[in-house]
Each structure stands twice: as structure tokens, then as C-alpha cells.
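2 protein chains.
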Amino acid sequence: MRAEILAVGTELLLGDILNTNAQYLARELAALGIEVYYQTVVGDNPKRLEETLYHAFSRADLVITTGGLGPTDDDLTKETAADYFGEKLVLDEKALEQIQVIFNRMGKEMTQNNRKQAFVPENNSVVMYNANGTAPGIIIEKNGKIIIMLPGPPKEVVPMFEKQAKPYLAKKQEDTFISRVLRVASVGESAMEAMVKDLIDAQSNPTIAPYAKEGEALLRITAKAKDEEEANRLIDPIAVALKARLGKSVYAEGETNMETEVAKLLLAQKKTIAVAESCTGGEIASQLVRYPGISEVFIEGCVTYSNEAKMKRLGVLAETLVTCGAVSKETAMEMAEGIAKTAGADIGIATTGVAGPEGGTEDKPVGLVYIGLYNKGTVEAKEFHFAGNRNKIRDRATFQALDWLRRKLQYEK
Amino acid sequence: MRAEILAVGTELLLGDILNTNAQYLARELAALGIEVYYQTVVGDNPKRLEETLYHAFSRADLVITTGGLGPTDDDLTKETAADYFGEKLVLDEKALEQIQVIFNRMGKEMTQNNRKQAFVPENNSVVMYNANGTAPGIIIEKNGKIIIMLPGPPKEVVPMFEKQAKPYLAKKQEDTFISRVLRVASVGESAMEAMVKDLIDAQSNPTIAPYAKEGEALLRITAKAKDEEEANRLIDPIAVALKARLGKSVYAEGETNMETEVAKLLLAQKKTIAVAESCTGGEIASQLVRYPGISEVFIEGCVTYSNEAKMKRLGVLAETLVTCGAVSKETAMEMAEGIAKTAGADIGIATTGVAGPEGGTEDKPVGLVYIGLYNKGTVEAKEFHFAGNRNKIRDRATFQALDWLRRKLQYEK
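Chains as they are written, first to last, in numbering that gives the first Met the number 0: chain A, 0 to 412; chain B, 0 to 412.
These aren't lab readings, by the way, just hints derived from the structure by calculation.
If a hint is listed, it holds; no wrong ones were tucked in.
For identical chains, the list gives no copy identity; a pair is met inside one copy or between any two copies.
Below, a list of computed lysine to any residue pairs in the SDA-like style, where the Cα atoms sit at most 25 Å apart:
| # | residue 1 | residue 2 |
| --- | --- | --- |
| 1 | K340 | T377 |
| 2 | K340 | E307 |
| 3 | K107 | A193 |
| 4 | K212 | G132 |
| 5 | K269 | P356 |
| 6 | K212 | P153 |
| 7 | K328 | I293 |
| 8 | K363 | E295 |
| 9 | K162 | N388 |
| 10 | K340 | L316 |
| 11 | K263 | V365 |
| 12 | K391 | T255 |
| 13 | K242 | G253 |
Start from the sequences, fold in the hints, and give me the full structure.
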């Protein structure tokens, strides 16, 4: 099956919004083994929309549209598609009820033109009721052609595709494509690729694809199989081989992130933590606090930007600051121990560095960061050199601090 | 002039990357007064690329492409365009030198296939040398049709378009379109729109367009004029009228954000600040610390998540915590005063609230946040109710805290 993704909306042509739906749908279709040759964006213009839809069906079996299902006269996706398929639009009582539910939830009066959204093709179609907005989605299938019409807002598109359109399409595909992602920390994408290149090259099913995300590298293992069980049977040994090669750098599988994994480990091991931050300026605390329920283990954080704060809040010695400097291994260690002890926490983590753009010297250049870690009575510090601008340096220091802690918790219990 | 945006790259069709270039270019073309009717994405496939380019020129005078200028055999945008225009590709020595410079900078050997990138059309073209990557951009103009070929990576696209393609296009446009953005805090988009609706409706040049961004609302005033000076003459009185209507809610003009404006005010007024955060968990500190040079005024922050930390670090009274609770106006005030006094800062700002998803009660539901502000010996607190999930609530509390401080600094000096 060959597909085309068609986004309808003048706001996209004006650059007012970013077409994230196209990326989401492209990725989902690739995972289903459905080829996409073109993506198109067209405005809310009846003639151009019609031409584009006909053109799309001249080269594709499946067209997935986003947008143009709203209540105004501008919104014409459904009308244009019904014309193409020669279907009449009729009122769907359940769709109307659903729209009413959404209006009730918002505490607003339903207007007359919202009734338009409850009209659906009389035959050859499936209505995808919308729990997150007023526009129902619609599938029409006829004469070997399929159109799947989704609303515009991503928060409506994603659940509707996931729960309704994807199962519809999966049934038509002989094979299913199942992916598993390994998340790799503190190894760059190209270094990671070099470490597993022979494994990547040796594989055709599952395939292994490396890619980079801010601060981490990912490996996506994708198996083509009859069902999920068979796919997992194909993926399991590859995942084991990759993990054996990459060792402790593989920090998790699937959709997650470093702060979530660290928070989970802290909660599972019932270890309390306190954070002392200089160059990261509250980012470590802020990321950990994203995790609901973290208050059970997160005692407190101190953003000790000034030397005074480092001494007063954490007990860093004046002598250390004078002799070694605020950005030093020694200060990082005293900060980590100081925050753990003053907070009464099991673990103390600390950062001090030169985030720039000013303040770098030959000895201590921009990008130099020391991370201190106090755990079970011992304290250590590591030196890092990060590239990038002020905020990249802060982000990288935050990630490295959390990754170091993750390794401790995971492997040195 | 009518334009079409054409992105070339299989990675877009697979959903591996997001097409941010299309949004950027769409917005820039709209600002130049150039209409865009279609955006298309096509893979690295010679036949489909050729068809798409010919189709685009059948309905547009100007085609802007991104991608497909790389060194591999897959990269065919330049070759396809040269064919369309009947132009021969020849080696451009300066382009070759530039590519060599980029390789030297990366400390890598230039490979033979990178020479391909230095070939440009012999006639009717302009080479846009690339300071940020190996692929030069190219403009071909012939027989009333223009193609502007840009590389793929946004960090190369934006400066090349801005410095080279945009001036080329601006010269062809009789009128120029100049925009000014007013940033409005703590008033929702629809409330803002209602406040200035008559002004919006009364205007045709400049136009006034409201739109929403996370946590703030924007008003874009766009004038069509012969030059920037005339545009500004048209915009000035409208900006004045809008500001008179919206008052202190207008916190800045142009590309900026709340933390930048607050940081600038603190530095200009030489006022030192310290932050005590409970529910925002370090986010206020982290945002302020984004601003380079903030260390002159930012003394420290405390993420006092536990009651113990609130008492020990900030001197919040045990009695207050017992009688009023950790989430209360009284606690917020004691936190704000406590952090200012213990840090020796002019200003203390504090947050305490229920970020959820757990921990809400009938009296103190999820979303309830108190913000405390200590300034010049007086302390106040305000109660807020924020909607959304845990992270939205934290983001909104952070924004409101900074906005309150901004109003103080701007209007109560």
C-alpha cells in the first residue's frame, strides 16, 4: 500500500504553525510498512484542495489528511472527499451527541455551525469519534482507495490515529512492524555506531538504526513479522547482543528519559537526594521534580551561585574557594557532601563550572564543569569539558550528573 | 509572485526529522508578501523529484527547495533544477575553497565526492556560499521562473536565507512587509483579543493579528510599505494605541521572553535576587540563570521541597506550617522574606503549591499555587489557580512569578 500525507490549512502555509502531524504520521506509517512518497500542504481553498486530493489519489492508494474538519465554511476536507468518492453526507446522531459532550465539558453553548461537524458519508465509511475535540474523524474506503481524515490539532490526531486509524490499517497489512528503542547515554551517535557497526551491517530483519537525540543516542530495532510475538522473538536476541556491546551506557528501553529513570531508581531504592547547583542553576532539581511523587525522596536543592552561598548553605570552606577556586574538583566534592549532610539526604549531587559566554580563562575555559557525587559516606568528583553555548553546557552537565547517579544506583547498589 | 516550498529528503518521508524549514520559509515568504499555495515533501528519488519540480513550476513562479545538495549520488536537487533550466554545471573554485575551509575547521579530510558540491550552473545563477556547512546554495533565474536551492540543516538554511536569498527576493517585491510583535503577559489570547477587537477590525494596513504562545499572548502588527521607515511610521501609532489599551500587560516588543526581560531589569536596577521554590522545583532559578551575566544579581536559590528545608533554610516557622499548611499565603510570604534575608538579597521570590497529580484536597486542589514576593522590606503573596498537568502548572507558576516581579520592577521602582 502506498500512502500520501495531506495537511489542509492556510495557517500552515503562512508558517503560523509547525506541521508536527506530518512527522508523526510518517513515522507511524513507516512502522506499519506503508510507503509514503509525498507529503503535501494545501490551504483552505476549495479548488486547490480538490485538485490536490485528486492528484494524491492518482499516485497513492491511501491518503491521510489532517485539518479542514472544523465548523466553518472554510473547512472543506470532508465535503471534498465525499465528492471524490461520490458519497452523500448525512447527520450522525452519535457524532452530534459527542460534540455536545465536548461543549458541556468546556461549559460553552454549542453553536449551530458545529452541527456541520456531525455530518458523515452515508455509506462505505467509518466514523472515528473524537474524545478530545469537536471534529469526528472519518475513514472512507471504496474501489481500492482509502481516505483517512483526521482533525488538525496534534492532541486530537495522535489518540485518534493510535486507537482507531492504526488498527484499521494494521488489519490490511500482512506483516506488522514492531520497534524497540534502546537509549544510550554518554556515548555520541557516531561512537555508538562504530561500536555496533558489524551488528547493524549483519542485520536485515530486524533492522538496527542509530539516531541522535539531544544529549543521548538511540538505537531503533525494527522487526517485520506476522505478529507482535514473532517480532519480539526476532528483536530479543538483537537487543541482548547490543546491550552486551554497549554495557552500562544503555540506560533504558522505550519512551522515557534520564530524569524519569533516575527518579524511578531513587524511589525503588528509597534513597533520599539533595542537589547543590552552581552552573546548572536549578536544572537538575527542576528535572527531578518533573516526576510525580518525587517528594518522597527529593529533600531539597540549593542553587548556590555565589561563593557566600556555597559557604553558608553548604559549608564549603573559604580556604577551598581561595586555593582551588569555585570551579574545582575540591569545591564540587565539598558541595556534594555539604548538601547531603545539611539536608540529611543519602545522596548529594553538585555541579560547578564555567557556562559562559564570559568568565572563561586559559586554565578554566568555558565548558569546564566539575560534578560531585556524595553517596554512602564517600564523595567523588569528575571533570567534564562540554561544547556548545551557555544553555547547551548547562543541559549537558545536567544530563551527565543524572547519568552518573543512574550508573551508581543501577550498578553499585 | 507565487511561491512553492519543496523539501527534498527521504528522512522527512520516514518521519525521522521534523520539517521546521517549511515553517520558517513560509513565515519569511509571508512577511515578504509572497503567496505560498503549496508545500511539498518528496524523497531522494530522481523521477519523483523531477516530476514534483516540474509540477511546482506549472503553478508557481518561485520554488524554494531545501535538502538534496549533499555529496552523495542520492543528492539530486541541483542536477534536477539545472536540467529543468537547461543549464550546465561547472566547477566553482570559490565554492570548492569554502568547502575546504569547512573541512579544515572540522579537522577532517575532504573526500573526493565533496567536489560534487562545488559544481554550480554556468549561467543565470547566483551562488550562495555557505559559512555553516559544505553545500553552497544556488539561485537560478531564467524565463520568469526562479529556483532558490537551500541546504537541509536548519542551522544552514536560516542564515543563508536571511543574508542571501531574502535580499534577492526583497528587491523583486515592490512593497516590503515589516512586523512588530507585542508580547502580552497574564492575559489569555481570547481576553486580549476582546480588549482590542475594535482596533483589530478597524485596521487594514497595518494589520493586527493576535496569537497565543505557551503562557503568553502575542499581537503581531504588520505594515505593507515602500520601506522600513514608512512601515514604522504606520506601525508606531498602532503600537501606542494597543499599549494604551493593554497597559502593564505588554511586557516587551520583539523576540524575547519573560526571564530575559526580568534579568535585564534586575541588572539595570542593580537589584539582587534570591529564590525559594517549592512546587516550581528550581525552574525559576533555572530560567533566570539562562541569562548570561546574571551572576551579578542572582545570589542563590533554594528548592525547599520538604517542610524541614523550609524551616531550616528559610526560617519558616513550624507554627505557620502547622496552622496554615505548607501551601498557604503565610508560608509563601515567610519563604520569600526568609530567602531574601538569609541570602542578603534585595528581592526574594517564593512559590508553594500543589502541582499534582496527587496531593490535592477539596480545600487545596491541584493547581493552587501561592507566590510570595519580598521587596524593599515589604512582603506580599498572591493566590493563583492554574489548569493543566503537573508540568504545565509548574511552568505557569514560574511565568506568573516572573511576571509579577517584572511589573514591580517596571512600575514600582
